[in-house]
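Engineer: As a plain string of letters, each chain reads:
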Amino acid sequence: MTRVAVCDYRAGNVRSVAVALLRLGADVEVTRSPEAVARADLAVLPGVGSARAAMAALREDGLDEALRARVADGRATLGICLGLQLALEESEEDGGVPGLGLVPGRARRLRRDRVPRLGWAPVEPLGEAFYFAHSYAAETPAATATSEGIVAEVRVGSFLGVQFHPEKSGRAGARYLERCLSPA
Amino acid sequence: MPLPRLIPCLDVAGGRVVKGVRFQGLRDVGDPVELAAAYSDAGADELVFLDVEATVAGRGALRDLVARVADAVSIPFTVGGGVRRVEDGAALLEAGADRVSVNSAALGRPSLVEELAARLGSQAVVVAVDAAGGEVFSRAGGEPTGRRAEEWAHEAAERGAGEILLTSIDADGTRDGYDLPLTRRVADAVSVPVIASGGAGAPEHVAEALEVAQAALLASILHENPARLGSLRDELRARGVPLRDAA
Numbered sequence: 045m046t047r048v049a050v051c052d053y054r055a056g057n058v059r060s061v062a063v064a065l066l067r068l069g070a071d072v073e074v075t076r077s078p079e080a081v082a083r084a085d086l087a088v089l090p091g092v093g094s095a096r097a098a099m100a101a102l103r104e105d106g107l108d109e110a111l112r113a114r115v116a117d118g119r120a121t122l123g124i125c126l127g128l129q130l131a132l133e134e135s136e137e138d139g140g141v142p143g144l145g146l147v148p149g150r151a152r153r154l155r156r157d158r159v160p161r162l163g164w165a166p167v168e169p170l171g172e173a174f175y176f177a178h179s180y181a182a183e184t185p186a187a188t189a190t191s192e193g194i195v196a197e198v199r200v201g202s203f204l205g206v207q208f209h210p211e212k213s214g215r216a217g218a219r220y221l222e223r224c225l226s227p228a
Numbered sequence: 014m015p016l017p018r019l020i021p022c023l024d025v026a027g028g029r030v031v032k033g034v035r036f037q038g039l040r041d042v043g044d045p046v047e048l049a050a051a052y053s054d055a056g057a058d059e060l061v062f063l064d065v066e067a068t069v070a071g072r073g074a075l076r077d078l079v080a081r082v083a084d085a086v087s088i089p090f091t092v093g094g095g096v097r098r099v100e101d102g103a104a105l106l107e108a109g110a111d112r113v114s115v116n117s118a119a120l121g122r123p124s125l126v127e128e129l130a131a132r133l134g135s136q137a138v139v140v141a142v143d144a145a146g147g148e149v150f151s152r153a154g155g156e157p158t159g160r161r162a163e164e165w166a167h168e169a170a171e172r173g174a175g176e177i178l179l180t181s182i183d184a185d186g187t188r189d190g191y192d193l194p195l196t197r198r199v200a201d202a203v204s205v206p207v208i209a210s211g212g213a214g215a216p217e218h219v220a221e222a223l224e225v226a227q228a229a230l231l232a233s234i235l236h237e238n239p240a241r242l243g244s245l246r247d248e249l250r251a252r253g254v255p256l257r258d259a260a
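Chains as they are written, first to last, in our numbering: chain U, 45 to 228; chain B, 14 to 260.
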């Protein structure tokens, strides 16, 4: 059974991520403990709340260093939505917030169509639609998938970041998370 | 733009799905968790739960319901009814809701929208606007406010609402189709997504609404029957509406 640590940065809905992983048979711990993040097979940085508040909570609990150390050691780490944006060098949300610097690039406010960008959209080359709910998006050379020209997935070493919410993306999302739990 | 969304709406009270004239003659028509899971399986893009009683005493039951739904379904859902303070919204998100909807409380105190957006993020804040003759009504349609729908929707979005749930009181229950002129005026007045609500009686009504709004709320057209959602999706896709493949 895969041990998963879901980082709790005290903002909103981390329950959905935990439940989605539990459904797939993972051993899930929602935690603020750097030790729990260090020993898990997979660490998940979920995507809720604002960038500034989230970074402050991560620093206060020492989770920022625990996440950097994991990725430096090549251990699987998944960032979802805001969790992806926090992994960048910087976000322009809340007047500019420095990120974890795990992924080159920055999060910028969406400037086209209706914002927030809410709903299901196809992701290429994954070939399926996933659920998005965001006002900011990554600008990074590390993109491995896009949705309507917007960065949808990034990979740098053992860090995987997704702009969509796999835990809210029905069957397609469950299949995606299953792949995260059983890396080749 | 993301794909157009179909959103079944479940009226709930005391932890059950109810049906009937609001506040009068509510009839128990089922378990919200079972119905939510069945709608999700039938291809719903999202769900909306409206607590039609929205009493202070019922808040615990609503939070319990939200937690049970979050455990059972893996699509996003919005919860509305009785959100009067930012803490009410935060509690619903902590229980597992993805978004909260506010209506009368925001009309009474518009800064509530800013408070919710600052705490929860705009993407988690839906402002529900009920309109008749183009005018916004408060308190489940009972109280005229003297405000134009497009003007209030614009203000709500400026204050941080991430989506407008627009219900035409005139069209609601007629099954003659959504109020397209009203929906268009509101959609033109805001740069956030708009959910059209009220009046759906046939697939073509839903297709028309999705030309103007980004999502369509489905209530009486489904008769609490998930199989109807499946057939509606098939008919809409046959008409060329680009709904997602939910398989």
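No lab work stands behind these hints, which were simulated from the structure alone. Glycine is no exception: its CB is placed at the ideal position from the N, C-alpha and C atoms. Careful: at least some of the hints might be erroneous.
What the hints assert, rightly or not - Just some of the chain B residues that point at chain U, by a computed CB distance under 7 Å: (1) Asp58; (2) Pro89; (3) Arg122; (4) Ser124.
Stated by the list, open to error - Covered, in the sense of this in silico footprint (three residues per stretch, anywhere, with C-beta under 8 Å from a C-beta of chain B), are these stretches of chain U: (5) 177-188; (6) 214-226.
Engineer: Are there three or more residues in the segment 177-188 of chain U whose C-beta lies within less than 8 Å of some C-beta in chain B?
Structural biologist: Holds: 3 residues of the segment 177-188 of chain U have a Cβ under 8 Å from chain B.
Engineer: At a Cβ distance under 8 Å, does chain B reach at least three residues of the segment 214-226 of chain U?
Structural biologist: Check passed, 4 qualifying residues.
Engineer: Please verify that hint: Pro89(B), Cβ, nearest Cβ of chain U, below 7 Å or not.
Structural biologist: 5 Å, holds
Engineer: Is the interface hint satisfied for Arg122(B)? The criterion is a beta-carbon contact with chain U at less than 7 Å.
Structural biologist: 22 Å, violated
Engineer: Quick one, is the Ser124(B) hint okay against chain U at 7 Å, beta carbons?
Structural biologist: Ser124(B) check fails; min Cβ-Cβ to chain U is 18 Å, beyond 7 Å.
Engineer: Holds or violated: is there a CB of chain U closer than 7 Å to the CB of Asp58(B)?
Structural biologist: Constraint on Asp58(B) satisfied, holds at 6 Å.
Of the numbered hints stated above, those contradicted by the structure are hints 3 and 4, listed in ascending order.
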